[in-house]
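Trainee: Okay, here's what each chain looks like letter by letter:
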Amino acid sequence: MDWEDFYFKILRIRRTEEKIVQLYPTDVVKSPVHLSIGQEFISVAICAALNVDDIAFGTYRSHALFLAKGGDIRAMWAELFGKVGGMARGRAGSMHLGDPAVNMVGTSAIVATSIPNAVGYALAEKIRGSGRIVVAFFGDGATDEGVFHESLNFASLKKLPILFVCENNSYAIYSHVHDRMPAANFIERAAGYLIPGTKVDDGTIDAVYFAARDAIDRVRRGAGPAFLECACSRWLDHVGPGSDVELGYRSLAELESWQRRDEVARVAGMLDESSRRQIERAVDDELADALIFAHESPFPDPTEVERHVFA
Amino acid sequence: MSLPEGAGRSLNYAQAILEGTRQEMERDDNVFVMGLGVDDPKGLHGTTIGLNRLFGADRCFDTPIAEDAMTGVAIGAALNGMRPIHVHQRMDFLMLCMNQLVNVAAKQHYMFAGALKVPMVVRASIGRSWGQGAQHSQAFHSFFMHVPGLRVVCPTTAFDAKGALIAAIRDDNPVMVVEHRMLYALKGIVPLEPYASVIGKARILRPGTDLTIVGVSHMLAECLRAANRLEDIGLSVEVIDPIWLAPLDIDTIAASVARTGRLLVVDNGWTNCGASAEIISQVLEWLPGAAPVVGRMGFLPTPCPTTRVLEEAFYPTGRTIALRAARLCGHGQADTWDPGPVPASEVTEFRGPF
Numbered sequence: 001m002d003w004e005d006f007y008f009k010i011l012r013i014r015r016t017e018e019k020i021v022q023l024y025p026t027d028v029v030k031s032p033v034h035l036s037i038g039q040e041f042i043s044v045a046i047c048a049a050l051n052v053d054d055i056a057f058g059t060y061r062s063h064a065l066f067l068a069k070g071g072d073i074r075a076m077w078a079e080l081f082g083k084v085g086g087m088a089r090g091r092a093g094s095m096h097l098g099d100p101a102v103n104m105v106g107t108s109a110i111v112a113t114s115i116p117n118a119v120g121y122a123l124a125e126k127i128r129g130s131g132r133i134v135v136a137f138f139g140d141g142a143t144d145e146g147v148f149h150e151s152l153n154f155a156s157l158k159k160l161p162i163l164f165v166c167e168n169n170s171y172a173i174y175s176h177v178h179d180r181m182p183a184a185n186f187i188e189r190a191a192g193y194l195i196p197g198t199k200v201d202d203g204t205i206d207a208v209y210f211a212a213r214d215a216i217d218r219v220r221r222g223a224g225p226a227f228l229e230c231a232c233s234r235w236l237d238h239v240g241p242g243s244d245v246e247l248g249y250r251s252l253a254e255l256e257s258w259q260r261r262d263e264v265a266r267v268a269g270m271l272d273e274s275s276r277r278q279i280e281r282a283v284d285d286e287l288a289d290a291l292i293f294a295h296e297s298p299f300p301d302p303t304e305v306e307r308h309v310f311a
Numbered sequence: 001m002s003l004p005e006g007a008g009r010s011l012n013y014a015q016a017i018l019e020g021t022r023q024e025m026e027r028d029d030n031v032f033v034m035g036l037g038v039d040d041p042k043g044l045h046g047t048t049i050g051l052n053r054l055f056g057a058d059r060c061f062d063t064p065i066a067e068d069a070m071t072g073v074a075i076g077a078a079l080n081g082m083r084p085i086h087v088h089q090r091m092d093f094l095m096l097c098m099n100q101l102v103n104v105a106a107k108q109h110y111m112f113a114g115a116l117k118v119p120m121v122v123r124a125s126i127g128r129s130w131g132q133g134a135q136h137s138q139a140f141h142s143f144f145m146h147v148p149g150l151r152v153v154c155p156t157t158a159f160d161a162k163g164a165l166i167a168a169i170r171d172d173n174p175v176m177v178v179e180h181r182m183l184y185a186l187k188g189i190v191p192l193e194p195y196a197s198v199i200g201k202a203r204i205l206r207p208g209t210d211l212t213i214v215g216v217s218h219m220l221a222e223c224l225r226a227a228n229r230l231e232d233i234g235l236s237v238e239v240i241d242p243i244w245l246a247p248l249d250i251d252t253i254a255a256s257v258a259r260t261g262r263l264l265v266v267d268n269g270w271t272n273c274g275a276s277a278e279i280i281s282q283v284l285e286w287l288p289g290a291a292p293v294v295g296r297m298g299f300l301p302t303p304c305p306t307t308r309v310l311e312e313a314f315y316p317t318g319r320t321i322a323l324r325a326a327r328l329c330g331h332g333q334a335d336t337w338d339p340g341p342v343p344a345s346e347v348t349e350f351r352g353p354f
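Those protein sequences? They're chains L and H, same order as listed. The working numbering puts the first sequence at residues 1 to 311. The working numbering puts the second sequence at residues 1 to 354.
Calculated from the structure, these hints are not laboratory results. Even for Gly, the Cβ is constructed at its ideal location relative to N, Cα and C. Watch out, some of these pointers could steer you wrong.
Said to hold, decoys possible - Pulled a few chain H residues facing chain L out of the computed Cβ check, cut under 10 Å:
(1) Thr63
(2) Asn99
(3) Phe314
The shape of chain L in the complex, shown without the other chains:
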């Protein structure tokens, strides 16, 4: 367990998103943002268990995944600002982060939509016998969609090299999982498609990492898909930089029970003070540099709007 690596990766996500919260009122990020503060540990743990050439598909809440998968933080900030220094020169934005250079090739603003794309990507990997695997990240809300079930069925039928990761924060916007399904039995649902699942409900980065390692071993052996359910809490609002507990749909006590066991703080506690400080300085320096890069990057020329409609 490389706690220093974990701390660097989880802290740079936390600091990046805290900076978004701070800057958002200035309207420098002119697009919806779905923050993952409180959920970062899942992306960090799972990407640490992957090979660099494995592939990740995510959702509109993918700042954490993008950085954990090795995405360029300068390019990410430029993308958030709508600048040409972004991975997609500003045409993707927060909800469509991705970069084929780090094998993150699909995110969608529509719930569950990238799941079958991940399955199709895995189909091609299997046909080629590449040994690479694909991870599909999604939330508990995505399991409401029919396409989730269709995708699991086909992935299992064809024994595809794919790991399904359900980040269960219990809410689809403000709808609790118990208001959306008769039982929050994600693992049993996966088992119905003969996909073995593991539930990690203690909210720790090391538990997710070990569960992911076991699941990935199975997938890479060619035994077919695996499923992980990772319990977590979304500390902030579904969309935007604010808190939402005052809306009354969830209790402060519930939120605080998660905030008391913050993984960023716990991982920091694993380190001696000097290495902790060294990592914090490195994260702060990198973030400052990325912001300068993003601010200095120009906006795209308006003539770019018609580029890349067709290949």
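On the provided structure of chain L, position chain H as indicated by the hints.
Mentor: Chain H only, in chain L's frame:
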């Protein structure tokens, strides 16, 4: 239906599709065929028959009845460098695929600033109905024409069925190939060697001076029959097959209208917000100051009925097209002329149950 292109042999539309698919699968290992029934003994009107035996189950496989996810799977494979051909027995089923086609396939290349591409082909069959009723006969090419990032082609001849499919497979974008069930048995001269249509290029099937008729998909066959009858009353009709609806060869169509001064678009679909509306609008924009006489025909604005007598009223026919064309040309006998029956053997001889 006569074709200008050189030597070949007689194949029907379904055989031309099968031959084009097989040749592209031989040329490029990344091409594969998926869809409900593609490996069954009937092989979807024969268009996929035997491909599973030739290329194996990895490259021609049946799917669960899960149009939404399977479209997403095809897209994912295309993102990963494969060239899927996803086949649907009815275009009506594409209503279950709209999220993936419109929100993903059409947009990945743009959203990733050119770093990703989706080289997939979606083949879908449409009516004329032969009792297929309201949910097994519909043609939705105009829905897809609306969306930037998608190409749409409606081949009418065996020659174009092969050439358009090969062009679609080789293109790096998602292409919707719309095939008409009444056309599968129609024969034409098809070269043996592989060839790709020019994407976005229409074809003038017969020259004329009094009226331009654009016929989409199977309606082209009815338009050609109508043009023959219109000759009887001295009207010279230019008939154009647009072949590709997106991109649309407006240059060829508008230049024809500039010569004839009249345009009738007969769509194999509803007129409201449809391909006919788009073609006429673009022609008018292309000819500023000119005032061509324009008209359009298509399905009645109703769901498609099942019983034959109502169905016959639902679709334009050679006869109704000829009558409309004569009126549009202001022909002196337009109100009294009876073109007589205009038989369409592919319709009258068609038998199900598929």
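Trainee: Each hint needs a verdict: does it hold in this structure or not?
Mentor: Each hint, compared with the structure:
{"no.": "1", "hint": "Thr63", "result": "holds (7 Å)"}
{"no.": "2", "hint": "Asn99", "result": "holds (6 Å)"}
{"no.": "3", "hint": "Phe314", "result": "violated (32 Å)"}
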